[in-house]
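Participant: The primary structure of each chain is shown beneath.
Number of protein chains: 2
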Amino acid sequence: MKLATYKDGSRDGQLIVVSRDLNWAHYATGIAHRLQQVLDDWSFIAPQLQDLYETLNQGKARHAFPFNPAQCMAPLPRAFRRVEGCAYLNHAALTRRSANATESEGLTTEPLLYQGSSDNFLGPCDDIVCQSESHGIDFGAELAVVTADVPMGAPPEQALDGVRLVMLANDVSLRQLSGAELPEGLGSVQSKLATAFSPVAVTLDEIGEAWNRGRVDLTLQISWNGRKVGICDAGPEMTFHFGELIAQLCKTRGVRAGSIVGSGTLSNKDRSHGYACIAEKRAIETLQDGKPSTEFMRFGDSIRLEMKGRDGASVFGAIEQKIAPRS
Amino acid sequence: MKLATYKDGSRDGQLIVVSRDLNWAHYATGIAHRLQQVLDDWSFIAPQLQDLYETLNQGKARHAFPFNPAQCMAPLPRAFRRVEGCAYLNHAALTRRSANATESEGLTTEPLLYQGSSDNFLGPCDDIVCQSESHGIDFGAELAVVTADVPMGAPPEQALDGVRLVMLANDVSLRQLSGAELPEGLGSVQSKLATAFSPVAVTLDEIGEAWNRGRVDLTLQISWNGRKVGICDAGPEMTFHFGELIAQLCKTRGVRAGSIVGSGTLSNKDRSHGYACIAEKRAIETLQDGKPSTEFMRFGDSIRLEMKGRDGASVFGAIEQKIAPRS
Chain A
5 MKLATYKDGS RDGQLIVVSR DLNWAHYATG IAHRLQQVLD DWSFIAPQLQ
55 DLYETLNQGK ARHAFPFNPA QCMAPLPRAF RRVEGCAYLN HAALTRRSAN
105 ATESEGLTTE PLLYQGSSDN FLGPCDDIVC QSESHGIDFG AELAVVTADV
155 PMGAPPEQAL DGVRLVMLAN DVSLRQLSGA ELPEGLGSVQ SKLATAFSPV
205 AVTLDEIGEA WNRGRVDLTL QISWNGRKVG ICDAGPEMTF HFGELIAQLC
255 KTRGVRAGSI VGSGTLSNKD RSHGYACIAE KRAIETLQDG KPSTEFMRFG
305 DSIRLEMKGR DGASVFGAIE QKIAPRS
Chain B
5 MKLATYKDGS RDGQLIVVSR DLNWAHYATG IAHRLQQVLD DWSFIAPQLQ
55 DLYETLNQGK ARHAFPFNPA QCMAPLPRAF RRVEGCAYLN HAALTRRSAN
105 ATESEGLTTE PLLYQGSSDN FLGPCDDIVC QSESHGIDFG AELAVVTADV
155 PMGAPPEQAL DGVRLVMLAN DVSLRQLSGA ELPEGLGSVQ SKLATAFSPV
205 AVTLDEIGEA WNRGRVDLTL QISWNGRKVG ICDAGPEMTF HFGELIAQLC
255 KTRGVRAGSI VGSGTLSNKD RSHGYACIAE KRAIETLQDG KPSTEFMRFG
305 DSIRLEMKGR DGASVFGAIE QKIAPRS
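These protein sequence lines are chains A and B, in that order.
If you want our numbering, it's the 1-based position in the first sequence plus 4.
If you want our numbering, it's the 1-based position in the second sequence plus 4.
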C-alpha cells in the first residue's frame, strides 16, 4: 500500500491512504491519525489500512478525493531516529579521492553510518530554505526505509524483515560548511538541512520484483532546473543492502519502530548515469581537471526526483523542490 | 514544576506531575498524556500542569500517590531530536591530549555539536544492557535541556529562552568501539548506547538562582559502585552555556519543540573534583603514567548521579543504574 501525510496545520499532519496510481486518496481517520501510530502497532493497524487501500484502488472508497502531492508533509513528518548509511561506495570513493583523503580500509567491509536530525522533515514540494547561496547548497538523491522494532544483534536477513516502508529522499547538504564540521570527527550538524521525502511511503509489495532482497532494482531520475542530470541505477551498485545497514545499526542496541535509515547518495561507476549530488560531479571534475566547474545550487533553482516501476508508473510520486532564501 | 513519565507498557508512558520534594505524584490525565504534547503546545498546557503542581505541593491533590523513581521512564521516553554538545572544554582537551590528537583551533571559539539517537531512552533506574564487557563500558554524567521551537538564526540570548526543561543524563559510551568509529569523521553510532535521564525534568524556576543564564551553578555527585568518584561543579567551567549550544544548532535551520540538547560530559580542571566519565580518568592516568590503570565498567557495576539544590534537596531525583548482560 501507499501511505502519505496531509498538511492540517499540526506538527504530525493527517495520515492518508493513496491509490496505487497516485490519483486518489482517503483519510485514514477511524483507523489511525498518524503514521507513527501505525508503525508502533503495525500488525494490528496495517491490515486495516490495507483493506482501505484495496477499496480505494477498486474505486469503491466513499470519501475518496484527488491526491495532491503539494498538500503532503513527509510521510513521517518527524521521526524518533534517523540514520544515514554510505551504501554506494563509488560515491564515497570519488568524494574522498578528490579531496585527497585516504580511503579508509573499513569502508568496504562494513557500512559506515551516521546520525541525522529528524525533528522536522520537509514535504515533497516544500521549499528548501537557506540562509545563503554561499553555503554550497547541494541536493542528495537517495532511498530510505522506515523500520519496525529490530532487536540488538539482529543479523542482516532478520534486519531486512524490519523494513516496513520505502521512500525517496532529498538529503540536502551545505557543502561549504561540511569542510569545517567533518574534520572534527563528529559528523554533520549545521551542514545538513531538513531532508525532504517523497509524497508516499510504500510497502515492499509496491516495488514488486524490483525489491531485490534489500535493494531496489529501479532507476532514479534526477532533474536539476528541468535538465536531467542523473539516471541512476539504485540496485546493483548498492554495496550494502538495507538489511546490512540496519544490522550494522543493531550491533550494540536495538532499533525502535519508526526509525528512518537512508541509503546515502546514489552513485554509479558508469558516468553516463550522471550524478545524484553536485559534490560527486565536482569530485569527478576535480579529478579530471584539477578543479570543479559545476556550481552549487542558487536561490530559485529546482530539483526533481522520481523513480518509476517496471510498469512505467511512478512508485513514490515525485519530490519537486525549490531553493528559497530565508524570508 | 517537576514532570515525569510513568511506565504503563506503552512506548511513551503516562505523564505525571511530581511534588517539589519528590515524595508525591499525580497523573496529568485530563491535561495531557505525554510530555511531547506539552512541549508541542506549551503555552496552553504548561499553566494547567503548573496549577496541578501547586495543588500537589500544598498536599491538596485528591489522587496523589507516593512517587517511585523506579517506575519512571525517561521524562521524554523518545524524542524527535537529540544533539550533544562538548561544552566542558577541559574534558575535550584532556581526552584529545592523551590520545595524541591535536586540539582543533575551532574547539575553543565555537561549541562542537553532534547528533545522537533518540528513539529509545532509558528510565533513571533501568539497566544498561550491553553485549560485552570488552566494549569499554563508560558512564557519562551531564546536564541536558529540552527545547521549545527556536527559529533559524536565533542568537544565544534568544536561544536561551527556548530552554523549557532541564534534566540529568547518563550518556553511556562503548569506548573500545569509538576508536573505530570516530576516525571516519561521522560521529558515534555503535559506540553510544541508550541514554538514561533523571526521574524528573524541571522548569528553570526549580533551579532558582543556581540557573545562571544558561549554566547550572550546582554540584553533580557521581558514585560508581557506591564510591564517590565525582563531585563536579556544573557551572563555572561550562565554556558554552545552553543558549550558545542551541544557537549553534540553529545557525542554518530551526530547532523544533522537544529537541534534547546535552552539555557533554562535565569536567573540572581541579582534579579534586574527580571525574564524570572513566575515559577522562584514563586520559589523566595516560598523561601521568603513560598508560591507563582504571578499568571500564563490568556487568553488575552500579552508577549513581544526583544534583542537590542550594537547599540541599535533590533537584532531579537520582539516576541509579546497573550494567547488565544481554539476556
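Hints were generated in silico from the structure; no laboratory data involved.
Hints may be right or wrong, so weigh each one.
[As the list claims (entries may be wrong)] Here are the simulated distance ranges between beta carbons:
(1) B/100 <-> A/291: 42 to 48 Å
(2) B/328 <-> A/159: 19 to 25 Å
(3) B/58 <-> A/217: 56 to 62 Å
A virtual CB, placed ideally from N, CA and C, is assigned to each residue, including glycine.
Participant: Against this structure, judge whether each hint is valid.
Facilitator: Hint-by-hint comparison with the structure:
Between residue 100 of chain B and residue 291 of chain A the beta carbon distance is about 33 Å. The supplied range of 42 to 48 Å is therefore violated. Look at residue 328 of chain B against residue 159 of chain A: about 23 Å separates their beta carbons, and that is inside 19 to 25 Å. The hinted window of 56 to 62 Å between residue 58 of chain B and residue 217 of chain A holds, with their beta carbons roughly 59 Å apart.
Of the hints listed earlier, the one the structure fails to meet is number 1.
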